[in-house]
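Trainee: Listed here are the chains, written in short residue letters.
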Amino acid sequence: MDEFLAQFLIEARELLTAAAFDVGTLRRDPENRKCLDSAFRAFHTLKGSVALFDMAPAGQVLHAAEDLLDQARKKTIKLDEPKLAALLACLDRVDVWVDAMESKGALPANAAAEAQALLARLGRQQSASVQATPADSDWLSALLARDFDAALIDAGGLTAFRYEPDEQCFFRGDDPLAIVAAVPKLAAVKVMPRGEWPALADLQPFSCMLVVEGLSHAGLDEVQLAFRLVGDQAKIAEVAPERGIKAEDSTIAGAARSLRIDAGRIDTLADGVGELVVAGNALAPLVAEAMRLDSALGTRLRQVQAAFERGIGDMHRSVTAMRMVPIGPAVRRLPRVVRDLSDTLGRDVDFAIEGEQVECEKGIADAIYEPLLHLIRNSLDHGIEMPAVRAAAGKPSQGILRLRFSRAADQLISELEDDGAGIDPARVRRIAIERGLLSEDQARALSDEEAQALIFAAGFSTAAQVSDISGRGVGMDAVKAALDPLGARIEVRSRVGQGTLVRIALPLSAITTRMLIVEAGLQRYAVPFESVAETVIVPSERIVPLGDHHAVVLRDRTLPVVHLRELLGEERSRGENTKLMVTWAGNEQVAVAVDGFGERIEAMIKPAAGLLAGYAGLSGITLLGTGDVMLVLDVEALVT
Amino acid sequence: MTVRSQDGQIILEGRCRVEDAEALLTALQQQSDGVVHLDKAETIHSALVQVLLTAKPRIVGASKHEFLTKYGVLKDHEDGSGSIGMSQSPDSPARRI
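Just so you know, the sequences run in chain order A and B.
Under the working numbering, the first residue of the first sequence carries the number 1, and numbering increases by one thereafter.
Under the working numbering, the first residue of the second sequence carries the number 1001, and numbering increases by one thereafter.
Hints may be right or wrong, so weigh each one.
[Claimed, not checked] Here are some chain A residues pointing at chain B (derived, C-beta under 8 Å): (1) L177; (2) A188; (3) V189; (4) W197; (5) F206.
[Said to hold, decoys possible] Label-pair distances were calculated between CB atoms; the ranges are: (6) B:Q1009 - A:Q168: 24 to 34 Å; (7) A:R146 - B:D1033: 28 to 38 Å; (8) A:A6 - B:K1040: 56 to 66 Å; (9) A:R146 - B:R1017: 24 to 34 Å; (10) A:A120 - B:D1033: 47 to 57 Å; (11) B:D1033 - A:Q168: 30 to 40 Å; (12) A:E31 - B:Q1009: 45 to 55 Å; (13) A:T268 - B:R1017: 54 to 64 Å; (14) A:E31 - B:R1004: 39 to 49 Å; (15) A:D29 - B:Q1009: 56 to 66 Å; (16) A:Q168 - B:K1040: 28 to 38 Å.
[To be verified] Quick partial rundown of chain B residues pointing at chain A, CB under 10 Å, derived from the structure: (17) V1018; (18) S1046; (19) A1047; (20) Q1050; (21) K1070.
Hints listed in this document are in silico derivations from the structure and should not be mistaken for laboratory results.
Positions of the beta carbon are idealized from the N, C-alpha and C atoms, including for glycine.
Start from the sequences, fold in the hints, and give me the full structure.
Mentor: Okay, here's the thing in structure tokens:
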């Protein structure tokens, strides 16, 4: 993908999230000035960034939204609920358009029509909308049309700027002309009023009404540097020799304080550090041995080892911290989903997310989205009742749905709570019996809480129950299946008629498993360390037939020998020496002959999907730092 | 005092800061045909430039603030071009209030 577009997608989504958060806050707290300002900035920046792509309808809509917010900031209008709803609708639509830019590289065909509808909602007279506000890049044409020296412009190599200091700038200590005077290689300057010069009697001496346009022989970067402190008030562009516009209009963004790094690179780094930790662990016994042989050398080695371990420890912590991200961006789409769904289902729902700043490992943040989406769908479909039903039950017609994130020790707690119909334990018991999950006696023995938790049991919900909304042929057991491999604990608390709370406790960082890579034929497999007792290489003649099987004597114990290749349905290999991995089968040890030992890795085991899912000898798959997928063997299941 | 009125002349001296804009405005309001002398001014804050551009008085002398003269923001009235800022008409009279 075009790198420019890729960057835009990331930033646009961040801005959309920020703006949606601010508008959401304004709905609850209309007087929140900070949120109003921050929403304005987000819409403004977003408008600027969509202008770089073929997204004119988005630009128009965002422009109208920005105007609306600006008027609210100036207190000429009040942001009432319809206006705030229109702002949210605008964000939702732009979000969809951004998705379309990613998947198709263009806006959907109906974008212009949708934009017109939104403009109407935003209270913009359509005919006036475009002409009244010239597009941002028009400033340059206007500037070039002024009476600057034509020879100068034709010569080219110029950077043009238009600086509109805001009215309050004198109070902040800005001296706009001094800023312009500092622009390197100035060629020409024009100072003009914003609008018309007022009558002297009407002049507000401390309110800045100057606009400065100019041309410089310096490059775009140098001119941007000169305006860096007032970047939001200056427009800068290169002027091509033929009076064409070469560079895009660029309002200087704030200086970058962070560096975006592809998550895969961090993973690679973390894997590397993990390997260093393992290698460092191997040093300890070596140092001990050196101590025995030569205590002076041993002592020096120990000091080096200690320094090495400290360094690795620090690095490990930094890398872990680097992978921690706020949960917010991962769940940013949920508000839109809730709005779409409640419209479809005829529900009226007040949804809010709390604790978006809580940090967890990126893998966890990404993994939690789908399960939460599923829970939310379920809550809207089966939990929160239709407005009329709620009213009849004496509840407010608007349902409340809250998603809260918090941290407890090393756990990420997500709670999804609704004030809907709740889960009827009697009904759950009845369904569980009908579906053959429980006998009647078993069902009766369950407490109400235990019965309610049955909704997560495999096979509880069936296709017959699945509506368009809460499922694609899977039930709530899909939620559990997705969360289990992450080490999650799910609890349900529900009271009939009052609502349901689903609480998910997850480790903040993904659980990684140390594994040994073994070779069999051309394939490499990972085996969890905990199932490896030891690895040895023995001369092949020490493996002797014993009845139908083979055995080896290791340290006075006779162990059965099985060949990994045979277990995997291949021919066994022969050689002078045999590499054995001693493992357990129940309480007995078994030696598994392999073709080779590879490196040790530390990685997360993911459940196998698709064709591999039903294979008993497989405990899952793991992703290597290189991006390769490796099968993780369940050796115990293989040998028994 | 960086803004001084003397015999119908308004003189800017030294470093004219933002807070002097009000004094200059008052002086120009009192002497709407006053002549403003810039040659003793070292720096002139934008706020004062804004007052001068609005009032369009006769300007005498070039400020040491090179930027303002070099790019014709404030032009010496005696040099023949006789104009200030964007207004390119040589005969623009001082505005009467």
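Trainee: Each hint should be assessed against the structure and marked as holding or not.
Mentor: Hints, one by one, checked against the model:
1. L177: 4 Å, holds
2. A188: Result: holds, 7 Å to nearest chain B Cβ.
3. V189: Since chain B brings a Cβ to about 4 Å from V189 of chain A, closer than 8 Å, the hint holds.
4. W197: 5 Å, holds
5. F206: This interface hint holds because 6 Å falls under the 8 Å limit.
6. B:Q1009 - A:Q168: 24 to 34 Å: 33 Å, holds
7. A:R146 - B:D1033: 28 to 38 Å: Hint holds: Cβ distance 30 Å, inside 28 to 38 Å.
8. A:A6 - B:K1040: 56 to 66 Å: 58 Å, holds
9. A:R146 - B:R1017: 24 to 34 Å: 30 Å, holds
10. A:A120 - B:D1033: 47 to 57 Å: Taking Cβ atoms as reference, A120 of chain A and D1033 of chain B lie about 54 Å apart, which means the hint holds.
11. B:D1033 - A:Q168: 30 to 40 Å: Holds, at about 33 Å.
12. A:E31 - B:Q1009: 45 to 55 Å: Given a distance of about 52 Å, which is inside 45 to 55 Å, the answer is holds.
13. A:T268 - B:R1017: 54 to 64 Å: 57 Å, holds
14. A:E31 - B:R1004: 39 to 49 Å: 48 Å, holds
15. A:D29 - B:Q1009: 56 to 66 Å: 57 Å, holds
16. A:Q168 - B:K1040: 28 to 38 Å: Once the Cβ atoms are compared, 30 Å apart, the range 28 to 38 Å for K1040 of chain B and Q168 of chain A holds.
17. V1018: OK, holds: V1018 of chain B within 10 Å of chain A, min 5 Å.
18. S1046: 4 Å, holds
19. A1047: With Cβ-Cβ at 5 Å, under 10 Å, it holds.
20. Q1050: With a minimum Cβ separation of about 6 Å from chain A (threshold 10 Å), the hint on Q1050 of chain B holds.
21. K1070: 8 Å, holds
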